[in-house]
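A.B. asks: Residues per chain are reported as follows:
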Amino acid sequence: MSALSRLWFSLAVTIALAVALTFLILPILAIFLDTGPAALIDSLGEETARDALLLSLETTAIALAIIIVVGTPAAYFLASRRFRGRALLTTLIELPLVLPPAAAGIALLAALGPNGIFGAELDALGITLPLETAGVVVALVFVASPFYLRQAQASFAAVDPTIVDASRTLGASEAHTFARILVPTALPGLATGGALALGRALGEFGATLMFAGALQGVTQTVPLAIFDRFARDFDAALALSAVLVAISAAILLATKLLDGPDSLTRAAR
Amino acid sequence: MLTACPVILLRVIGRIAATVLAALALAACGEKEEPTVLDNPDLIVFAAASMTVPLERCAADFPEAGIKLSFAGSDTLAAQIRQGVKPDIFAAANASIPAELFAEGLLGRPTEFATNELVVAVPKGSPVNAVEGLARSDVSIAIGSETAPVGIYARAVIGRLPAKQEDAILANVRSEEPDVSGIIGKLTQGAVDAGFVYVSDVASSAEELRSVALPRELRPDVTYAAGVTAETPEPGAAAAFIGDLLRGGCQEALLDAGFGPAP
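Protein sequence lines correspond, in order, to chains S and X. For the first sequence, our numbering gives the first residue as 11, with consecutive numbering after it. For the second sequence, our numbering gives the first residue as 37, with consecutive numbering after it.
Quick caveat, the hints were computed from the structure, so don't treat them as lab data. One or more hints might be untrue.
Quick partial rundown of chain X residues pointing at chain S, CB under 8 Å, derived from the structure [as the list claims (entries may be wrong)]: (1) D111; (2) E168; (3) R172; (4) S176; (5) N208; (6) G226.
Predicted model, so just to flag it, every value in this text is computed and none were measured. Built from N, CA and C at the ideal position, the CB exists for glycine as well.
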């Protein structure tokens, strides 16, 4: 390759990166430039903002707990067993990753809404999900769990099989090996998956609005509160967005650090 | 398992690119063959979600321009206009939001072009037959958000009831939806027992819902108003479309859908 074409190529990739960076960072920067720290603190003092933040923290925490408790063994099953249709099953579980949020909301209503397939059964059990905080949790688990399952499956698959074999040879049961060897070894990966799921759950909007509705303190999470404020007070919407961006950025940073403390510099190299 | 993905992905991207190119080529040819497409401007119409059914029906028949419709709560649309989004026409479910935009210099003088009636919508088999029935403790209600016209009207109605009923009904509100579509969706899915919407919304979901009329003394005046945006490049065609809303094909479509004529 001639020096000129090499120069041309590196110029092209540099420009492409600059364009991508500007496009991705500018809107996020605008949230913080358009709102001052004073406005941000003021808006957090409002009752609607506090209710929304508390509700978002509560629902995402419950959703994450459910995702981890059910998702960890499920991901272990997919990572440790070889069977026909495993690839198909993995793909099915990942489907909500690419599902449009509005479609997720409709799907949840069609399955678990009062007129849905299991509506009568849920009603007989005395369970109502739409318009309840529990409905928000269901929507969050639905959209966020694939992020955890995917990462957890990969982390379990990446554990050195000789360690597992050694544990089994020494007479440990599968359950014991899972709890004492596999989970601790895969922990950084599991934590990354948990953080990704948490980030997705915090930002959930469409499925929550359609399936759970919007009511202050009950189902109005931060993203819904941002949309509600957009119509009445753009600055207040900006301030609440800034909080959500800050939390999401912290989660992202945490995942990078969990990946290994030096992964930030490694990525830079 | 994932090794095949990049190859498939490349193929998919290739196919998409080919389709886009073909579409562009077709569009270019179309323009040459049909110069009328160039003569007719496109108008972007921001319209309240309650007009979705009639406007989608009449827009294609408007002779002087292609109509591109964007539906949402009137308050959301107004917020977008205030943030610099530039449609050609704004048609709202009340007169006060267009009046505010007119006062801010963002919209030309609004024209009132239709009326509607606020009702309580309930599923067909519901026992609710009067607004007082909404005060019962086992009734769940969806209303519009505080800034959406359908929510402003509903709160006005509830505010005119005796304090005890007012409190009971407000306590039964289970969801504050951004626009009428959200309320209708919650109703048809059985998530709530009742909702405050317009009589025209019930007409478009007549198979599942029926309306409970409000007594005359509670009924708010629901007036729809539209204006041409200040910076539209097509003021003539935009004004013509507002004329169509007032007395043309779109007025007919609105009347068919259960709206009333301009006050």
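A.B. asks: So which of those numbered hints doesn't the model satisfy?
C.D. replies: 2, 3 and 5
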